[in-house]
Structures are given as C-alpha cells and as structure tokens.
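Novice: With my numbering applied, the sequence shown corresponds to residues 1 to 203, in that order.
Please note: incorrect hints may appear among the correct ones.
Said to hold, decoys possible - What follows is a list of derived Cβ distance ranges for each label pair: (1) L48 with A166: 11 to 21 Å; (2) G49 with A196: 15 to 25 Å; (3) T78 with R24: 16 to 26 Å; (4) R24 with D104: 41 to 51 Å; (5) M138 with V190: 37 to 47 Å; (6) G172 with G23: 42 to 52 Å; (7) E134 with V165: 31 to 41 Å; (8) P202 with G172: 13 to 23 Å; (9) L127 with K77: 12 to 22 Å; (10) A124 with A180: 16 to 26 Å; (11) V190 with A110: 18 to 28 Å; (12) E50 with A106: 13 to 23 Å; (13) A124 with F80: 19 to 29 Å; (14) V190 with L59: 29 to 39 Å.
Simulated from the structure, these hints should not be mistaken for laboratory data.
A virtual CB, placed ideally from N, CA and C, is assigned to each residue, including glycine.
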Amino acid sequence: MLDGWMRRLIDPPLDRLGRALAGRGVTADTVTLAGLALGLLAAGLIALGEPALALIPLLGSRLADGLDGAVARATAKTDFGGFLDIVCDFLFYGAIPLGFVLMDPAANGAAGAFLLASFYFNGATFLGFAILAERRRMETRARGLKSLYFTGGLLEGTETIAFFVALCVWPGWFVPLAWAFGMLCFVTAVSRILLAKKVFPPE
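Required output: the full structure, derived from the provided sequences and hints.
Specialist: Following this line, the structure appears as structure tokens:
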C-alpha cells in the first residue's frame, strides 16, 4: 500500500548511490546476494535470542534490496538479476519469521506457522499474477521499474519491513502481531485473486 509513496522518496538517493557503486565495478547481483546474507544473519540473530541486535543487518538487508535495482539501472538490467532478486526476497521474508519460531518454538510455533502459510499464499498470488501479466504484455511502473509485474495490495514490502522491525523491537508481541499480520496477508491475497478474475477474463 505504501510502496509507491516510498519509492518516490528513496529512489533518488538510491540511484545516486547505485551509480557510484556501478562506477566502482560492483554488480547488482553482488548487492542482491549481500542483502540476502545480511537478512539471513538477522534471522540467525533472532533465533539466538537477539532480535534487537538483528535490527542492524535486517535494515542493511533492505537497503541492499533497494540498492541492487539502482545498480542495475545504472548498468544493465538482466532477467537473471530480476529472478535472483525475487528469490532472495522470498527467502528473506520466510527466514525472519522462522527465526522467531526457532527463538521460542513453544510460544511462537503456531503463530509463526500461520504467518508463513499466509506469506506462501500471498506470494503465490503475486507470482501467478505476474506470470499472466507478462503473458499479456502488461506493464506498470507504480512500484518503480521492475523485472516482474508488481501488483499493489493492502500489504507490500514497506508494511512488511515495518512489521519485522516491530517484531524485533517488541519480540514479546510476536504471537498477536503474527496472527494479525497473517490475516491481513490473506486479505491481500484474496483481493489479488479478485483483481485477477477481473483483469484476466476468459478469452
């Protein structure tokens, strides 16, 4: 919901930094993998019971996630780069909840499983929509220039990062926050299905 507004805010400084990195020979794929490494480090710290400390690599990971696109725009976008980016994003989004489950399986297990199921469902609707949009040669730049067709929704990347930050700041609230966010993910996924039914009628 907030990604379009956030892109307008952060893209100009990211593009400047992306051009600087590209000028030094840094590739977009390298930035993507560095962001994944930071994200997995954050998940590991959470699993070890250090969610506050995990905030630093978590935010660094999301900075890299925005920066890889800026580097690609400064050099050359590739299909593999777009593929790698979305794969690493999905792994990151699954690893953070898993970290909280591993930190306290008895307390967080059920809510964490529900949250991961909602991410799985939401991700399936996102990718399925993107595939059909590509088949029909649809384009949008509402979320910036992307390798895949990005559909908006109640919950997007900005809301998810804010949610992860909240979990790290208030880990004792993981259970109610996970149930609430997971339900909103299901709402987002169902709304995308309804949108797909409208946008992709029988031919």
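Novice: Regarding L48 and A166, is the given constraint of 11 to 21 Å on their beta-carbon distance met?
Specialist: Roughly 20 Å apart at Cβ, these two residues keep to the hinted range, so it holds.
Novice: Given the hint of 41 to 51 Å, is the C-beta distance from R24 to D104 inside that range or not?
Specialist: For R24 and D104 the Cβ distance comes to about 42 Å; the hint holds.
Novice: Given a hint of 18 to 28 Å, does the C-beta separation of V190 and A110 actually sit inside it?
Specialist: holds (22 Å)
Novice: Is 37 to 47 Å right for how far apart the beta carbons of M138 and V190 are?
Specialist: violated (21 Å)
Novice: Can you tell me whether the CB distance of E134 to V165 sits inside 31 to 41 Å?
Specialist: holds (32 Å)
Novice: Does the hinted range 29 to 39 Å hold for V190 and L59 at CB?
Specialist: holds (30 Å)
Novice: Given a hinted range of 16 to 26 Å, is it respected by the beta-carbon distance of A124 and A180?
Specialist: holds (21 Å)
Novice: Just to be sure I understand the hint, the distance between the Cβ atoms of L127 and K77 should be within 12 to 22 Å; is that true here?
Specialist: holds (19 Å)
Novice: Would you say the C-beta atoms of T78 and R24 sit inside 16 to 26 Å of each other?
Specialist: holds (19 Å)
Novice: Do E50 and A106 keep their Cβ atoms within the hinted range of 13 to 23 Å?
Specialist: At 19 Å between Cβs, range holds.
Novice: Just to be sure I understand the hint, the distance between the Cβ atoms of G49 and A196 should be within 15 to 25 Å; is that true here?
Specialist: violated (41 Å)
Novice: Assuming the hint says 42 to 52 Å, is it satisfied by the Cβ distance from G172 to G23 or not?
Specialist: Since G172 and G23 have Cβ atoms about 45 Å apart, the given range 42 to 52 Å holds.
In the structure shown, a violation is registered for the earlier hints numbered 2, 5 and 8, in ascending order.
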